[in-house]
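J.: All chains, please: the whole structure from these sequences, using the hints.
In the order they appear, the protein sequences are chains A and B. Going from the first sequence to my numbering is simple: count from 1 and add 783. Going from the second sequence to my numbering is simple: count from 1 and add 285.
Careful: at least some of the hints might be erroneous.
Said to hold, decoys possible - Residues on chain A that point at chain B, a partial pick, calculated with CB under 10 Å:
1. T951
2. F954
3. R979
4. S1052
Said to hold, decoys possible - So these bits of chain A aren't anywhere near chain B, every CB distance computed over 10 Å:
5. L794
6. V996
7. N1033
In short, the hints are calculated from the structure, not lab data. We put the CB at the ideal spot given by N, CA and C, even for glycine.
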Amino acid sequence: MTKKTNLKDFLINNAVIIIMFVLVIYTGITKPNFLTTNNLLNIMANMSYRLVIALGIAGCVITSGCDLSAGRMIGLSACIAGTLLQKLEYSGKFFKDMPPLNPFVVMVIVMLIAACFGSVTGWFIAYLHVPPFISTLAMMEIIYGLALIYTGATPLGGYITGYTKFSTGKFLGISYLIWIALLVACITWFIFNMTRHGKYMYAIGGNPQAAEVAGVPVKKTMIIIYAKAAAMYGLAGFMLGAKAGGASVNTGLGYEMEAIAACALGGVSVAGGRGKVSSALIGVAVFELLKAALQYLGLDANAQYIAIGIVIYAAISLDIRKYVRKK
Amino acid sequence: MAEYKLELKGVSKSFPGVKALDHVQLSVRPGSVLALMGENGAGKSTLMKCLFGIYSMDEGQIYIDGEPVTIKDPDDAMKKGIAMVHQELQPVPARSIAENMYLGRFPVKKIGPIQMIDHKTMNEESERWLKELGLDFDVKQPLGNLSVGQMQCVEIAKAVSHNAQVIIFDEPSSSLSDKEVDFLFKIMNDLRDKGVAMIYISHKMDEIKRIADDVQIMRDGTYIGTWPAKDLTTDDIITKMVGRELTQVYPEHKHEIGEVIMEVENYCSIHEKSFQNVSFNLRKGEILGFGGLVGAQRTELMEAIFGIRNLTAGTIRVHGQEVKIKKPADAMKAGIGMITEDRRGNGIFGCLSIKDNVGVSVYNKFLKSGFVLDHPAINKVVDESIEKLSIKTPSKETHIENLSGGNQQKVIVSRWLANDPDILIMDEPTRGIDVGAKHEIYEIMEDLASQGKAIIMISSEMAELLGMSDRIYVMCAGKMRGEITDPADMTQEKVMSYATQF
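T.: Pasting the structure below:
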């Protein structure tokens, strides 16, 4: 191969990212407000919980699955967290006279609850061979029903400052939400690359029959993947509640699709076996920057959905091209 | 009219590294059955695939009724009156019998500009064709309701409905009961009376005697000859099938054979047609060969031992201790490893690196503080394997799918060497790899045996089986048919005679 074709390949393989950079720089030059520290921090805060969701769902996608229950799990977790962290003096308090709990304890509680539901999803996938699409679809319905019953469909608000501080509080000038997302990214990187579980996940995604023959505990690994992902949705729900200062049963609606799209865009192969932490990060970043840039450029908010759809088509076609050509 | 309905002349076909067919001919008269015989890998199926347009031939010419023709693809073959009843059927079991018979050529009727499937004609026609063969099925029921034998009859009816003048039967009887075989032969006799030319591929000597008019024998991709079936005895056929020089050079047997390490007793598959009541034993430092024809159920037996398939009965003892093996992880705990036959299907992880492909079975052994992978230690093992087995690769991070078959196989061998089992099952260890790599695999096997490991080798390659094994078991149709312990008895004829005891 000559250098020229290498450059061409490089341009095509990274076309979406390159176009993103061009768009961001163009917006930055034409709209001076865009590339300000404040705005970038705001975009990063929006990325933070989306990254946590995407990292959770990445494990499912790497094993050629998906998780449709993510959005509803985020909603339920945000609601549970909300009911436990309201101010005593708030008039519409959900649990009257119950003092608010420690926010960190609540964070762990919602993660554990979500993980329990996730392990049920995983159990059906691993032991009863229910396809992930269906298993997580069923869980999505169940979770939504539980959230409706639990909250009585009442929106929640009046959070203690200890909770909203997760969003407003800063360390080194950067919101705690962003620090949490970075920490989760590091932990996920560690799990994917430095533990047996991560290697087994890639093996199952690459060739489930071969994984079985190689002695990989396929069933156990699958349950852990879905339970771990759900715990991360729980965390994301907690973060989203802190950021919004409130929650309702529809919190998080549709986030699972955004997350799957972000993973695929960043290079997590939906056919399984391929994908890194950086893939999820790139995917989430591309989407959030695109949304923000288009907004600054004055594109109609509704038309942004069309732009996102086009980007997904372009990115995935180009990504698939890399692997198809190899055969 | 030409003497032969169908003739093939000078057909050659090469695959990368292998000459599968070397100037092979074939001719079949109308109203006759030609039995095509040969060992595994003799080129029978390849020849038929060339005829049927699945493979394109490198050289050669097909003649129908003496006229030269070219056949582009299976559809083209059907149009020219050639039909094939496959060894493994490829129907759509969830759809009706009639739909399966007319798949791809549904009769249509027009209502204005709209084309609709004419279900009435389709059902009536399929019923009529089936009746002609003496079959009385409800053609609206799903094909999947039928037995394999009945499905084959539907396939034959489909072929006849195409007005096929040449029908190829690729080992049709391998999954049929005796009664179904009788019925198949009755249909074949009727077709013979109607002047249809048939090619029948089978390993079963008694069937050949019953149905064939002529026998053509192939060996190692070459044409050996054609004889009237009545002039040949079973022994003649076997001698002609195997009569070749063993040219491959095998490493010298230096290993010492020790005590019994594994005993398998009365293994029975959950599938009636698979292996039943199989017992055998394996010794330390031994290379134990398993011979047989394709379909002898050797792979199924080994996969059951390794916990991939299920049993209705059977016990296994390793080092004298009974062990329960329900999944591969159990087998590995008992010190058994397995290199499977279908390297792509359940061997390699194509999109992962060589390192990950070797490491996957041994991560439990390479942990720091109980859960962190010890990458430097894993790297060392992988580097050593690449060095020791001379795996040709740019680096250990290369994806395994980019390597040649032989190098992929060596990576799988490395996986099991790293895992260090006492017993290693190798199912067709040299299939699809070039001669040089084959020899290296043999050296590795010899080396392992010298270290006191016990090796089970399934091989369909006669030379390899005889050249590598210390002892040979031969299976046929799921039954253990013979054990050959005396090196003087290890001949091709002996193995073949056990392997064809249906």
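J.: Holds or violated: S1052/A as interface residue toward chain B, Cβ cutoff 10 Å?
T.: Holds. Min distance 7 Å.
J.: Non-interface claim for V996/A: all C-beta distances to chain B beyond 10 Å?
T.: violated, 5 Å
J.: N1033/A: least C-beta distance to chain B exceeds 10 Å?
T.: holds, 38 Å
J.: Would the hint on F954/A stand, with a C-beta cut-off of 10 Å toward chain B?
T.: Since chain B brings no Cβ nearer than about 28 Å to F954/A, farther than 10 Å, the hint is violated.
J.: Have a go at the T951/A hint: is there a Cβ in chain B nearer than 10 Å to its own Cβ?
T.: violated, 36 Å
J.: Against chain B, is R979/A within 10 Å by beta-carbon distance?
T.: holds, 4 Å
J.: Would you assess whether L794/A, listed as outside the interface, keeps its beta-carbon beyond 10 Å of every beta-carbon in chain B?
T.: It holds; L794/A is separated from chain B by about 23 Å at its closest Cβ, greater than 10 Å.
The structure does not agree with the numbered hints 1, 2 and 6 stated previously, though it agrees with the rest.
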